[in-house]
Amino acid sequence: MITKFQVAYKNLWRKKVRSILTVIGIALSAWVLISLLGFNRGYENSLNKDIDNMGFQLMIMAKGCPYEAATLMLKGGTGLRYMDESIMKKITSEPEVDKITPILMSAVFDPNKGESGGIAAYFGVEPASFAAVKPFLKFKTGKWFTDLNAYEVVMGFEAAELEQREVGDMILMPDKNVQFKVVGILERTGTQDDGTIFVPLKTLQKIFNRPTEITTIGIKLKKGMDSTRLEDKLYQLPDVQIVSLEQVKQTIMKLISTAKIMVLSIAIIAILIAMVGVINTILTSVWERFQEIGILKTIGAMPRDIFLLIWMETLILCTMGGLLGVILALILSRVTDILIRRVLPYAPGGGLVVIDLKLVLVTMFGIIFIGLVSGIYPAWKAGRIRPLEAIRGEGGK
Amino acid sequence: MSEKTTVIEAINLTKIYTRGIEEIISVNNVSFKIDKGEFVSIIGPSGSGKTTLINLLGCLDNPSSGEFRLGGRSIFGKAKRLSEGELTKIRREAFGYIFQNFYLIPTLTVLENTVLPLTFYCKSGAENEAPKLLKLLGIDNRKDHLPGQISGGEMQRVAIARAMVNMPEILLADEPTGNLDTKRSIEIIQVLQDLNKKEGLTIVMVTHNQELARCADRILEMRDGHISNIDPLTGDAVPPFKS
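Top line first, the protein sequences correspond to chains W and B.
FYI, in our numbering the residues of the first sequence are 47 to 443.
FYI, in our numbering the residues of the second sequence are 321 to 563.
Simulated from the structure, these hints should not be mistaken for lab results.
Cβ atoms here follow ideal geometry from the backbone N, Cα and C, with glycine treated the same way.
Among the hints, a few may not be true.
Just a sample of chain W residues kept apart from chain B, beta carbon distances all over 10 Å, derived [unchecked claim]:
hint: 1; residue: 59
hint: 2; residue: 60
hint: 3; residue: 99
hint: 4; residue: 141
hint: 5; residue: 209
hint: 6; residue: 213
hint: 7; residue: 316
hint: 8; residue: 349
hint: 9; residue: 419
Straight-line C-alpha distance at most 30 Å; calculated DSSO-like pairs for lysine-lysine [to be verified]:
hint: 10; chain 1: B; residue 1: 409; chain 2: W; residue 2: 50
hint: 11; chain 1: B; residue 1: 324; chain 2: B; residue 2: 452
hint: 12; chain 1: B; residue 1: 455; chain 2: W; residue 2: 56
hint: 13; chain 1: W; residue 1: 56; chain 2: B; residue 2: 443
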């Protein structure tokens, strides 16, 4: 005995190139679809991780554009605003506050970085309070500086790799012509801390001639405390703005939605093209087999049998295309990552495209569904072929 | 054959086609009977209506008027038209078909082509027919070959096996030797004669080859839509309703 499935499957091999091209078309659209869906999830995961790894839930910054503040915080940058460190005293006493740490961000242009120079981020910090809000920071070698006036630095993992420095080496701050001794190198965290060079707060204040000023105060709330009440109170302070990281996250997700819509449109177009490809392939093969299909009816096939036979062909094409697309997406997720990073205004660290079993199943289901919908018309057409017309050779209408 | 049962009975069967504004009477008021176990040839020049007639007999088409009975059961009667699905049900119960162009599925092997009808419909006992038929038709050594790897005569044998696999009562053959040389044609006719004599199969064959037609028990000649009985031995016309 031979099953309908075997008949359908064998038939697809009659025109190998055509079937393979159709499968590739479906695979490419499946790849785009799965990568896009995986990106949505991965991006949010990575962003959440980045924000959790900041170690604090609220930041206080000198008044300015909130978007600028958000970008600064996550990426570093220029155009900084300063506030006086005396403001910290007013905050420490609030009941919701668990820990608090002052930061002086500074960006120095390094002509030797990259091909045409780049910005090196220096953070002035107090090791005791900074380490307390970021307990997850671990040292690869060395330790924090002990003297707040020392000319010593702790380097993030990537910064140390880029500058090729070990503990005990010296490093020159370009522009300012100041030398530091490297006392510690951090392990990789997957956050912006990796690219940062940490300097004792007082030292950095001295170098930049801002003896009592800082750019940021990081606030870690006590467990289970609601940030909104504290935010309201902090808004009473003059000339500062409060950035809640939850807000930052939402702002970034909003910014990113434009890019998402763009990629989604491409995915939809790709799927439509693949769908038309499937319809075209199957319809062509139905017309080519017009007589053969008519003869199947003389040997006992009901219209429903023919419908199923042709429908199965689309199902096989789509399943094969979907599987190939999933494999492509899994193999090339790193490549997709790099491509997406190019078009995005801001991308957090870590994998942007996260593909899991559920996503694979959803995509496969979607592709097969689309294939089945595409197959309805050709299959219905084939089911209606009359044996008499087929024998007379009146096909192709 | 002491008592003859009529399997096919056509009464005033007529088929009219419209081509544009022109009406073509392809089969004109034709009446005849075919008995069980008979081997009947239908001959006639091109356009005489012989293919239309065999299509009507094989329930591939609805007649315009007249009645058609199959084994005593009225299939087409007055103003009774059957749907494609209903026609298929009758066809797969009663008929096996072979055609000039064989119409084998090129991607399936000889054996797979033979058992293909069973995928759609399988009479009880038909499961084991295929190997027997392939052996009977002398192509069992070819069962794993693809149609492209065998000769035209062998392809028509496969088509016959496929037509026979569901154990039909009647085999309808439309120009079965049209694509074959004389030697292979004679072989195919011998196969049909064997099936007719040994298995008691009723065969209706359309052909334009007078010589091959004479291998049948009886010849019906179509001319301009009308039919006449020809004596296969003498070649003379005999009155209709010969029994």
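Is residue 419 of chain W truly not at the interface, in the sense that its beta carbon sits beyond 10 Å from all beta carbons of chain B? The claim holds: residue 419 of chain W sits with its nearest Cβ about 25 Å from chain B, beyond 10 Å.
Residue 209 of chain W non-interfacial with respect to chain B [C-beta, more than 10 Å]: holds, 65 Å
Does the claim that residue 349 of chain W lies off the interface hold, with its Cβ farther than 10 Å from every Cβ of chain B? violated, 6 Å
Quickly compare the C-alpha distance for residue 455 of chain B and residue 56 of chain W to 30 Å and report which way the hint goes. Roughly 25 Å between the alpha carbons, so the hint for residue 455 of chain B and residue 56 of chain W holds.
Hint check: residue 324 of chain B vs residue 452 of chain B, CA-CA at most 30 Å. Holds or violated? holds, 28 Å
Are all C-beta atoms of chain B more than 10 Å from that of residue 59 of chain W? The claim is violated: residue 59 of chain W sits with its nearest Cβ about 6 Å from chain B, within 10 Å.
In terms of Cβ atoms, is chain B entirely out of 10 Å range of residue 99 of chain W? About 59 Å separates residue 99 of chain W from the closest Cβ of chain B, which puts it past 10 Å; holds.
Given the hinted pair residue 56 of chain W and residue 443 of chain B, is their alpha-carbon gap at most 30 Å? holds, 25 Å
Least C-beta distance from residue 141 of chain W to chain B larger than 10 Å: holds, 79 Å
Over 10 Å to the closest beta carbon of chain B is the bar; see if residue 316 of chain W clears it. Holds, since 31 Å exceeds 10 Å.
Verdict on residue 60 of chain W as a residue remote from chain B, using beta-carbon distances over 10 Å: violated, 5 Å
Non-interface claim for residue 213 of chain W versus chain B (Cβ beyond 10 Å): Fine: 70 Å to the nearest Cβ keeps residue 213 of chain W off the interface.
Hint check: violations occur at hints 1, 2, 8; the rest are consistent with the structure.
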